[in-house]
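The listed protein sequences correspond, in order, to chains E and G. Using my numbering, you'd call the opening residue of the first sequence number 1 and step up by one each time. Using my numbering, you'd call the opening residue of the second sequence number 1 and step up by one each time.
Hint data in this document are derived by calculation from the structure and do not stem from the laboratory. All of these numbers come straight from a predicted model, not from anything done at the bench. Heads up, a few of these hints could be off.
[To be verified] Pair ranges (Cβ atoms, derived):
1) E:Gly92 x G:Arg206: 50 to 58 Å
2) G:Gly277 x E:Pro259: 13 to 21 Å
3) E:Ala129 x G:Ala27: 48 to 56 Å
4) E:Glu136 x G:Gly277: 45 to 53 Å
5) G:Leu271 x E:Pro91: 52 to 60 Å
For each residue, glycine too, the CB sits at the ideal point set by N, CA and C.
Protein chains: 2
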Amino acid sequence: MTGNPRNVAVVGLGSMGLGMARSLIRAGFDVSGCDLSETARSALAGAGGRAAATPGLAAKGAAAAVIVVVNAAQTEAVLFGEDGVAAALAPGAVIVSSATMAPGEAKRFAALAEAAGLLYLDAPISGGATKAGSGELTVMASGAPDAFRAARPVLDAIAARVHELGPDVGIGSSFKIVNQLLAGVHIAAACEAMVFAKSLDLDLARVFEVITQSAGTSWMFENRVPHILEGDYSPRSAVSIFTKDLGIVSDIGRGQNFPLPIASAALQLFLATAAAGMARDDDASVARLYAQITGLELPAPTEETA
Amino acid sequence: MTGNPRNVAVVGLGSMGLGMARSLIRAGFDVSGCDLSETARSALAGAGGRAAATPGLAAKGAAAAVIVVVNAAQTEAVLFGEDGVAAALAPGAVIVSSATMAPGEAKRFAALAEAAGLLYLDAPISGGATKAGSGELTVMASGAPDAFRAARPVLDAIAARVHELGPDVGIGSSFKIVNQLLAGVHIAAACEAMVFAKSLDLDLARVFEVITQSAGTSWMFENRVPHILEGDYSPRSAVSIFTKDLGIVSDIGRGQNFPLPIASAALQLFLATAAAGMARDDDASVARLYAQITGLELPAPTEETA
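The following block holds chain E by itself, in its conformation from the complex:
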């Protein structure tokens, strides 16, 4: 038996996990969830889910568990630690592992899951909190055909697009890591360029307009520069996400003697921004770091966003 296929656990109820839980509830699943934050647990209960005190209680008898915690260490703890998910899931259930992590860690967890009689899908996500809530995430997934089959109803509920990247766990994580390398560099470059433009006394709104129509544009430039123009650094995605993700990129590079000068420069900028007290602010805060250093003034928050 593989448990009741309508029972799904979601462990980690941050902005992404909670959004995914809502999408699953809307799709008719019985969702039980777990998070250290009381506020997050209440939000799940308010959305029609069941808040559990431990990962194990959330996963008890479920056919699938979606793990949306911050990193590999937390994923390992909630899966295989005390009161963990793996020991509680129904035999043959599938773990959908969505935290960004090094591919080697994903492989290690998949082997442990297999030893426990469980399926494992390496399934990092992208798209942000809004798309998590609307069930329109992008999933970069790899794993055995059985794992895909078992996870399919869950994927259908949370994702607009599932990239099926191969049968080996680790590929999904590798794709996500490459994406994060680019995303992090593009955010840091956007911030560097916008404050540099300010130093040249340019009209920043005009710079945004011209660059987004030119060869210098990027998805991140288009998405993050409006935060700078509005002076709104409330965290849609925090600086700490990129110190973490570019940290993983850096670890992998060092592990295989692969030089990453551009990604490393970006990592150092996110670290400097975090060190300046902005770790929990929006990642466009790298622009505020440049402005602080150079004594330039960026747009102040409008009344709406202040």
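Mind docking chain G on chain E? Use the hints.
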């Protein structure tokens, strides 16, 4: 008098200048052009233009001169050097200056032009050789209303879009410089990410497909990665363009104590790629540099492109 308004000189007949000359000829202008290369001069003659031996002869009596040489030093030489454009143009004619340069250089040339009784439009271009040939460039222009008015027929013939960025010469150049900062960083990041993906043993064609649908994408990623996938490093835009343009970015940063860690990392990569013998190859050759350093193999040229 301002010369015959149908007489336009184009100085610098590289892939951009020649394309712009063709667009002007197609729009009915009498185009005389000048370039050090005999091949380029013949190509202009073949396209219906008139090849001249010096910038001055090309500009003699023209109402407008488009300067599309490599940098500020060349622009200064063809405008104000021996047999230069400025002394040959009709009084009140307009100089359309399209080489990428520091805004301070543009201002200096505009002052010299004004002293010679000429109008000056600071008008860097973007879009590549194909759009130059089809008359669909993007122009980032600034200058006095009189200069815009005088240059309008020329701009209409060469550009799909003219950003009118203000009355002060230097603003157009500043916008172009900000665009080049981002473009250069994005190319270097795309190359770093693609070879890093190779080190993770990923299918590069699949990486291109997934990233272009994700938050990690950029205009340059979409445009340059196909060169890597096809193993085709024939120069659509050469490495030397970015050692030059990021060099200007770096000079400006140093001149005003503005730190540019991301742009500097990218500049060093383009310099390393040039030092490795690829200065005249396509700028996606930064990927070949990473591959050489790490001993990884990138796609070989297909028969079509070899």
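Item to complete: Check each numbered hint from earlier against the structure, then list the numbers of those it violates in ascending order.
Response: The structure conflicts with hint 1 only, although it agrees with all the remaining ones.
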